[in-house]
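Q: Following the hints, put chain S in place on chain B, whose structure we already have.
Taken in sequence, the protein lines are chains B and S. Take any residue in the first sequence, count from 1 to its spot, add 1072: that is its number in this note's numbering. Take any residue in the second sequence, count from 1 to its spot, add 309: that is its number in this note's numbering.
These aren't lab readings, by the way, just hints derived from the structure by calculation. Heads up, some of the hints might be wrong.
Claimed, not checked - The calculated lysine to any residue pairs, modelled on SDA-like cross-linking and capped at a C-alpha distance of 20 Å, are:
#	chain 1	residue 1	chain 2	residue 2
1	B	1377	S	473
2	B	1377	S	469
3	B	1377	S	470
4	B	1130	B	1144
5	B	1284	S	486
6	B	1377	S	532
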Amino acid sequence: MSCSNQETDIEEEYIPVPFSLKVPELFQQKLIDPLIPNNNPLTEEGVALGKKLFFDKKLSGNNTQACATCHKPQNSFTDDTRFSEGVEGVFGVRNSMPLINLAWNFSDKFAWDGKELGLERQALEPVTNPIEMHSNWSNVVSKLEQDPEYPILFSRAFGTTLIDSILVAKAIAQFERILISGNSKFDQYLLGNATLSLQELNGFAVFMDEEKGDCFHCHGSDNNPLWTDNEFHNNGLDASFNDLGLGTVTGDPNDNGKFRSPTLRNLTFTAPYMHDGRFATLEEVINHYSEGLQFSPTIDPLMKKVSQGGVQLSVEEKISLKAFLLTLTDFQFINNPDFRN
Amino acid sequence: MKKILAIICLSIIITSCSEDKDIILNPVAITLNFSHSWNGTEITNDDFNQLKFTNENGQVLSIERLRYLISEVSLTHESGEETVLDDYNLVDLTNNEGMSFRSSEGVLPGEYSAVTFRFGFKRADNTDGAYADLNTANFNVPAPLGGGYHFMQFDGKYTNTTSEEAPFNYHVISAIDATNVNDAVDTSYTLNIGSVTIGSNTNINIQMDVSEWFKNPNTWDLNEYDVNLMGDYDVQLIMNQNGSSVFDLVSITQ
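Next comes chain B alone, as it looks inside the complex (with noise of 0.2 Å):
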């Protein structure tokens, strides 16, 4: 007879369920498959037990953040200020990025510097970051090992209820992945469900031509739905860098002023925009590319008309182009219930 306890007999009843992730109909059609790394699949009780954790302040080290704390839902999982606030009301140095369709992003590189390898161990930095949620890993593991009900959710989704900070990026991670937007007005639009205003497809048409917005570039067009190229881009912001973005990852003085293009979907809740969040309307981003442009040795040669300012977009163009941009926008996924807490 074996010397059964409580954790054995927990362990004993892993048989997780594997979740369908619901992929859109045009992502179906355009992309290739989302990237699901084999040694994290997505179950049931792994989306269950990382959303859970998403929006658990015990994570944080005086218990007052979650995850979602800095990518609020109904911001598309992005924060509605320019820096966000960490546990010890010190501000963080970038605009907190929107989690939308990360398991398209193949190079697998997050966050706007591309620093982190891998969402899991994305999922892993901000718990520890003395400007976020400032705590350390034996203690959160040791609030959930206390909790009534984690020790069995991580039995459900991993077999064990020995908690771990692998086990809970990993649950997290998977919670992000499912995170899937694409059911805009322009998805349906391509669908042949909806139809756009002259205005709108005026805008569309500023976005796909190169010698006006020329957009699709970097980011993405009615073959790519993601509205992102997941690339690393000086896009002419400053002349001299206070931040050197992926250049601080690389080493790399030629990446000095690189951060990764951000998706274009549901714009309307992400606001501020760039990666430190200085443009506050979208108005301002597209005067950005259309004259406010800023040469620097290492900005991108998309940038073309970089010596006159930028694109010079008149007025009926820019506003046009932000009424298709606006299109972009997501509400079921803001809205779903499976995303909330």
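A: Below, chain S without anything else, positioned relative to chain B:
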């Protein structure tokens, strides 16, 4: 891509006269490896982002992004039968991806009088939005420019007439006459590597001389042609002419 593969057979049996034994030849994959040079001096992405190259027109330039599309590898057997491999490959020197391309289909070992590959997609294959991996790589061409895919994105900076650094975007696509968007010229082209013996592990090593895009047969003036070239029909035709000399066979290893 429409498959034109003329499959001789999955395996053939050749009967030896002397020993009356069957030699079974199985199809084998071939590998195309792509390297790059500037006027014959090998370059990698470590050479990017530096104003270190001088083109035929005397303009100093940097390379910051270089990726291009290869398709339709074709092998013509000595018997005259042609095998076209149903593959394509995005070579991305920027990120060092796609530099080695192993065919998903096999060909029978033997003597081939000609091996060719295509730069870009021929018109019939250049279907808008049809290739999920290229969509994901954001390699599409907008519909008003004919849709389909870029054949090449080659971006960098050069020193212009006022000694300032200016960007260039040498983007090759299927040329469209703006007066008739339905009249696309097939500016993809095939390159003949020559005769090749295909063995059990054949590597065909090909090099792009990037400087050729600026010189042969048309000397390229970046002051004249630097950005917004995708929709310029005449410039696309010049690119097509210059592209014909950029690839060379370096070696074949077995």
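Q: Confirm or reject each hint.
A: Here is how each hint holds up against the structure:
no., hint, result
1, B:1377 to S:473, "holds, 13 Å"
2, B:1377 to S:469, "holds, 14 Å"
3, B:1377 to S:470, "holds, 16 Å"
4, B:1130 to B:1144, "holds, 17 Å"
5, B:1284 to S:486, "holds, 19 Å"
6, B:1377 to S:532, "holds, 14 Å"
When held up to the earlier numbered hints, the structure conflicts with none and fits them all.
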